[in-house]
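Residue numbers (our numbering), protein chains in the order written: chain A, 1362 to 1493; chain B, 1308 to 1693.
In case anyone wonders, no lab produced these hints; they're calculated from the structure. Note that the coordinates shown come from a computational prediction; the quantities given were computed from them, not determined experimentally. Wrong hints could be hidden among the right ones.
Stated by the list, open to error - To be clear about the criterion: a stretch of chain A counts as covered by chain B if any three or more of its residues have a C-beta under 8 Å from a C-beta of chain B, and this derived list gives those stretches:
1. 1363-1375
2. 1385-1396
3. 1447-1460
Glycine is no exception: its CB is placed at the ideal position from the N, C-alpha and C atoms.
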Amino acid sequence: MAKATRVLSMYDVPMWESIERGAWALQRCSGCGVFRYPPSPICPDCHSMESEWTPLAGTGTLLSWTVFHRQYFDDYKPPYNAVTVRLTEGPIIVTNLVGAEPDKDCIGRSVVIVYETHEGQQLPRVKYTKSE
Amino acid sequence: MTGVSRVAAVVGVGNSDWIADNRITRNGGKPHNSFGYAAIAFKRALADAGITADQIDGVVAGPTTAHERMCEVLGINPRWGVQADAMLGVQEACLAINAGMAEVVLLVYGNDQKSAAVNYGGANAAGGANFLSYVYHAPWGFTSQGALYAMQFQRYMHETGFTERDLGEVAVAQRLHSSLNPQAIMQKRISIDDYLTSRYVTEPLHLFDYCLINDGGVALIIMEASRAAKLKGVKPVVIHGIGRSDLSRGATSLEPRLTDFYRPAQREAATQVFGMAGVGPEDMSALQVYDSFSVHIPLALEGYGYCPTDGAGEFLRETGISLAKGLPVNTSGGHLSESYMQGWNHQIEAVRQVRGICGERQVPDCRFVHYSSDVAGKAVSIIYGE
Chain A
1362 MAKATRVLSM
1372 YDVPMWESIE
1382 RGAWALQRCS
1392 GCGVFRYPPS
1402 PICPDCHSME
1412 SEWTPLAGTG
1422 TLLSWTVFHR
1432 QYFDDYKPPY
1442 NAVTVRLTEG
1452 PIIVTNLVGA
1462 EPDKDCIGRS
1472 VVIVYETHEG
1482 QQLPRVKYTK
1492 SE
Chain B
1308 MTGVSRVAAV
1318 VGVGNSDWIA
1328 DNRITRNGGK
1338 PHNSFGYAAI
1348 AFKRALADAG
1358 ITADQIDGVV
1368 AGPTTAHERM
1378 CEVLGINPRW
1388 GVQADAMLGV
1398 QEACLAINAG
1408 MAEVVLLVYG
1418 NDQKSAAVNY
1428 GGANAAGGAN
1438 FLSYVYHAPW
1448 GFTSQGALYA
1458 MQFQRYMHET
1468 GFTERDLGEV
1478 AVAQRLHSSL
1488 NPQAIMQKRI
1498 SIDDYLTSRY
1508 VTEPLHLFDY
1518 CLINDGGVAL
1528 IIMEASRAAK
1538 LKGVKPVVIH
1548 GIGRSDLSRG
1558 ATSLEPRLTD
1568 FYRPAQREAA
1578 TQVFGMAGVG
1588 PEDMSALQVY
1598 DSFSVHIPLA
1608 LEGYGYCPTD
1618 GAGEFLRETG
1628 ISLAKGLPVN
1638 TSGGHLSESY
1648 MQGWNHQIEA
1658 VRQVRGICGE
1668 RQVPDCRFVH
1678 YSSDVAGKAV
1688 SIIYGE
């Protein structure tokens, strides 16, 4: 077994640098304003190759979840969860829910991004929005 | 007649000894490598068709074996060839035959994934080079194709009211089928309670929702239809239609998985395949669905029009998908219970059902068999018939 590793294409590097600063940014298309994830060379909607790294609001809605009962990585001991979140900016991300475990009522709940240290690096995860 | 309908027919099928090889590999042995399993299947498919190797003028090699080396190992110099998975291999063979670029195409697959300890999750997860979603979310511990389907299925249950118990009907039905299949690795029937009490791997998916991992090989020989009709001692199984539709936009961020569960691609492929074949879902005697995970089955039932959208739970509970009741789905036991040959065993099962040689698991009066897959949102659909 080995530790979980990042996919680091040349377009991913600026994103992970923004995460390390605690301000996750994604490319926002200069042509049509659409955010894209994962980072890539061209807007899939309008095909503009111009974009600006734009910090996320850090908010979203929980779409779905799973709990791993099998170990795949040294640095992830089961059971642990993974969730999908629709960011306010549009893209779907995969991350982990912290502060609570997902359950049958979690889909549709508002979440906010929090930064945690994992293996010495910053990793964006989500927790439920306080007001809920 | 449109597209590649009735252009080609399957005249020979073969496979390796899944049960015996699985027994050996489970004890740490390795009877063959991928080329060896492919070679066994090749010889059996040739014998089944009653032709000699020098008649083969096209070769489709499966994705796990290099095309040139496969042709070298089998001693074939084709005039046409490609490397492809099972479903696209059938499509490519029909296109080549239709274009006159080949008349007799060998499709051959071998995979030593069990004895070679191939990992479908974790570091260096298999398939990651072709599908970024298989590896991109690893920093969050999210890995394995099972987890992708777990995430998809959880959302599907939330939106449709489908339950884990409904999904259990798939594993139970396919075990009934494999118990009637002397070539199936898993022969012991299971009950819904067995399913519900089995452990989770990636919740909400249970162990029985996962396909097997085993070594083996499969081969088919596809021949130009008029030539196939003249073969002595062989009942050609005609390819009546093929459809394909991909959902690649947003694939890594799981957009098509989570918003409409790949059903739009299946609907499009269904329109193509039924249109080309000139038949509909109601004409199908059996359905074979690529089942790396049981979740594929309810989505295919909806996407291909066997039941209304969001109606798969009711279909599974009331109509049924087994040889005992309803529309027989994955009559060999499929990937869950017969053998994980990445769609290849579904093709030869479809052929054998149309031939009517399936013994205890034979579908009565089997005229058309529909194959469907939606691997990573690439929906492919094939109709086999007399």
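Results for each hint:
By the rule of at least three residues with a Cβ nearer than 8 Å to a Cβ of chain B, the coverage given for the region 1363-1375 of chain A holds, with 6 such residues. Remark: the region 1385-1396 of chain A is not confirmed as covered by chain B, as 0 of its residues place a Cβ nearer than 8 Å to a Cβ of that chain, below the required three. Look at the region 1447-1460 of chain A against chain B: 6 of its residues bring a Cβ nearer than 8 Å to a Cβ of that chain, three or more, so the hint holds.
Figure legend: structure checked against the earlier numbered hints; the only hint not met is number 2.
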